[in-house]
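One line per chain: the protein sequences are C and A, in this order.
Counting along the first sequence from 1, when you hit position 78 you're at 99 in our numbering, and nothing is skipped either side.
Counting along the second sequence from 1, when you hit position 534 you're at 551 in our numbering, and nothing is skipped either side.
It should be emphasised that the hints constitute simulated quantities derived from the structure, not laboratory data.
Misleading hints may appear alongside valid ones.
Calculated pairs, PhoX-like style, for lysine-lysine (alpha carbon to alpha carbon, straight line, at most 25 angstroms) [claimed, not checked]:
id, chain 1, residue 1, chain 2, residue 2
1, C, K80, C, K39
2, A, K475, C, K151
3, A, K717, C, K151
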Amino acid sequence: MKQEFAMKDTFVINGERKTVEFDAADTLLTVLRRAGHTEVHSGCDRGECGVCTVLLSGKPVNSCQVFAASVRGRAVTTVKGIGTLENPHPLQKAFAEHGGIQCGFCTPGKIVASYALLEKTPNPGDEEIKRALDGNLCRCTGYSQIIESVRSAAETMHSGEPEEGGGV
Amino acid sequence: MNHETGTGKSLPKLDSLALAAGTEPFCDDFDRPGTLTALQVGSPHAFAEITSIDTREAEQEPGVAAIYDYRNTTERLYTTAGQGFPEPSPYDCRLFSPTLRFYGDRVALIVANSEAAARRAAKRIRVDYKLLEPNFDLHRAEERATGRLHGEDAHAAIPVPYRPEDNLAAELAIDIGDCRRGFDEAEESLDHSFTMQYASHCAMEPHTCLAYTDGRGRLIVITATQVPFHVRRIIHRLLEIPLHQIRVIKPRIGGGFGGKQEVLLEPLAALAAWDLKKPVRLRLTRREVFTVSRTRHEMACRIRTGFDRDGTIRALDMEALMNAGAYGSHALTVLSNAGAKVLPLFNKIPNIRFSGRSVYTNLPVGGAYRGYGATQGYFAFNQIVDMIACRCGIDFIDLVKQNHIRRGETSPIFEALGEGKEGVSQSLNSCALEECLDQGAAAIGWKRKGKSSAEGPKRRGIGAAVCMQGSGIPLIDMGACSMKINEDGSFNLSLGATDIGTGSDTVLAQIASEVLMVPVEKFIVRSSDTDTTPFDVGAYASSTTYVSGNAVLRCAETMKEKLRSAAAAILQVPESGLCAGEESFLHEESGRIISYSEIAYQRLYSSAQEQLECSASYTGTESPPPFLAQFAEIDVDIETGVITVLRFVSVADCGRALNPMLARGQIEGAVVNGLSYALTEEYLFNKEGRMTNPSLGQYKIFNTLDIPEMETIIVPSHEESGPMGAKSIGEIAINGAAPAIANALYDATGRRLFSTPFTPEKVWRALQEAPFEA
């Protein structure tokens with residue numbers, strides 16, 4: 022059964038141009054998931070939990086609060102655009118190695134938000150990390166190990182090691 | 018990563034990099050062409066009977082595939098509690114019933130080709146209701162004037178007291194020694210009641226489930242569950258689908274905390290998929306997670322105690338009144354745990370009584386929630402202990418040390434009170450609570466207690482709380498695993514144990530890794546698929562590391578012996594001459610080494626061909642409790658009533674921590690959940706019994722800006738009966754936040770609060786009244 026949609030547009034998702042179809046009421050989250058970007062999760066559909074965070078023109082947004090029709094031409098980056106399993110970004114490695122991940126459902130959104138922070142503030146203090154991630158809820162970790170993960174990734178990126186990951 | 022071998026190391030979770038890369042699928046990431054969307058239609062009333070229902074118009078709505086309600090589905094009673102069989106929770110629930118018992122209770126299920134179509138159809142269902150008088154007050158539930166929620170046919174599946182005519186979902190009582198004499202002889206007494214409120218688990222992944230029939234006509238259910246084997250059994254028994262035709266698969270799960278120990282969505286999705294022979298997805302919105310999934314039980318806990326001025330406690334009587342909500346899911350076992358997990362802690366008290374009742378009300382349904390009754394019991398218990406300490410002029414820590422259970426000791430409670438019935442007697446092999454207290458006191462600066470400082474409107478105070486939990490339900494919880502070797506000396510490790518984000522796949526692989534001396538990365542872990550992994554009761558009751566871990570330990574030991582025997586045969590030497598090494602055996606006499614890989618190649622292709630494989634099961638004969646001391650340092654603003662937790666210290670005895678990083682994560686996650694439960698989380702109901710704040714914007718859980726400075730210490734400990742010395746750590750750390758903050762509030766202001774959450778308004782009001790006198 023083929024669904025029919027009212028609108029059609031070309032999105033640039035993780036650097037790739039993709040033609041997507043949607044209805045006027047569809048959110049960016051809906052369109053991304055329908056296009057196979059299941060790394061973007063859905064937790065509340067009200068912009069209150071942050072698990073659907075993606076970068077839109079480099080800025081973190083709750084993709085459930087963005088109309089797909091408003092995206093036109095702007096770059097969308099999901100966690101897969103930041104790094105991959107084979108070539109992970111230091112943030113992804115740090116989250117794994119410092120206990121920043123338990124269930125992992127909030128993790129893609131957290132990594133995207135952390136990435137945006139480190140782009141702007143390469144050497145953030147704990148307060149800056151907390152402020153950058155206050156819209157990304159986590160019920161598993163108690164946040165402490167997440168904050169340590171971001172701090173550690175920032176240190177790695179500063180230590181002169183060759184930066185891995187795809188980048189945006 | 019994970020080139021390392023064995024336990025006691027902070028290895029990353031096996032799945033963590035994939036989770037960080039977004040490549041691990043959760044339930045909603047599985048798709049089948051033509052998947053239909055199921056939507057529940059909820060009751061607009063807290064208590065009503067359907068006098069007529071007309072779905073004909075709704076069925077005509079384009080895209081609608083089917084509508085189910087009480088007229089075209091089974092009338093069989095069941096419980097949604099995902100527990101062992103027979104379940105200790107009453108059979109008081111139907112897929113659909115003409116009687117609606119709480120706001121949002123299921124009226125119908127619409128299955129359509131899109132959510133929009135299902136929502137359009139929902140508006141066209143015509144239902145007439147006869148309104149009944151609801152009751153929202155747990156203290157009034159048993160009054161005769163209050164409407165009865167459940168009919169004649171509701172019943173308990175095990176022989177326990179169950180009186181639906183009195184709205185009584187469960188009842189129990191134990192009496193040890195002679196409490197009356199204890200009270201008579203005591204120099205002092207206290208009598209106070211404490212209440213904890215409704216709460217939502219708030220796992221970031223909402224409850225969700227996909228059901229479809231495969232090419233052979235079998236029913237496949239991919240679901241976000243903590244209990245895949247219970248899901249299969251309950252679907253089978255409720256829908257009369259042959260068990261062998263059902264396969265339940267657990268992918269990655271986005272958190273559970275007890276909320277997904279409930280078989281809530283799966284029977285509905287299964288019903289529709291089996292009936293329509295089409296894939297059906299049923300997923301709760303966040304609002305539905307709050308209103309129609311399960312909650313922490315509201316509980317009022319009264320403690321009366323008689324004691325002498327030297328801190329000798331002569332009698333303690335605990336009376337728990339629990340709000341089951343509209344259905345009795347976990348109504349008996351959470352209730353009994355409020356006593357069973359609390360009272361053994363002070364085993365020096367000679368006279369103890371525990372009585373409890375769970376009552377039905379027309380409010381959301383309670384269920385399993387991390388801590389499972391112990392949280393509510395310890396809130397009351399730790400404040401009473403603090404009051405006794407204050408009255409006697411004894412330090413809280415000294416009073417705890419004077420009374421708490423020690424290694425080698427027992428408590429009659431273990432035998433008298435289990436989960437809903439008699440328990441199992443045990444003497445402790447391990448207890449490091451004293452070290453926990455000492456280290457915690459040093460970390461928080463306990464000496465400053467009682468010298469509350471003031472700065473402007475801020476008053477500072479310190480408080481502590483202690484607790485224990487269990488490690489699985491003895492003689493009931495069973496875990497099993499199986500393993501087989503591959504040519505490269507890697508192993509498939511199949512676990513019934515259900516990793517819901519806790520890291521159990523990793524910890525269990527570490528156990529096998531240690532036994533076999535094989536790096537963790539060479540275990541290909543598969544957890545929870547009823548077709549391909551052995552049975553396990555699931556992820557609950559703090560059982561996985563201890564119960565399932567012991568199964569893995571046994572299984573790996575068996576595998577090692579099989580490998581040894583194969584090695585001896587291949588080398589033509591006696592087994593006794595072989596010494597186990599890394600991924601190999603060494604024949605000491607000749608110096609010959611044979612690797613696991615060589616053994617596997619031999620046995621698969623060359624000689625005495627055989628797949629080397631084995632399985633093992635484990636059921637605990639005891640449930641060694643982990644222990645915990647927690648300390649809060651708080652500021653109270655006496656002008657606004659705002660409590661700020663500045664520091665929170667947790668010191669745990671969880672036996673040997675098999676993965677200290679993950680153990681710390683379990684503690685801190687539970688602490689932060691406990692803190693926000695103590696301070697901000699709250700169900701608000703209007704006078705019709707409808708929750709008015711069912712969103713993460715209105716129901717406040719802690720975010721990064723709310724957390725205090727946390728210090729988490731795991732003390733050295735070793736539990737003989739546990740795998741590599743381990744006990745549990747999953748639940749315990751949620752128990753201490755509320756009482757530690759309450760005791761700190763008393764330290765800071767001389768006021769006590771008897772109910773959570775400690776909202777600014779509640780604190781401010783308490784501050785306007787006279788100080789509490791113990």
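Now for the hints, and whether the structure bears them out:
With a CA separation close to 20 angstroms, the supplied pair C:K80 and C:K39 stays within the 25 angstroms bound. The hinted pair formed by A:K475 and C:K151 meets the criterion: a straight-line CA distance of about 24 angstroms does not exceed 25 angstroms. Our distance criterion of 25 angstroms between C-alpha atoms is met by A:K717 and C:K151, whose separation comes to about 17 angstroms.
Comparing the model with each numbered hint stated earlier shows that all of them hold.
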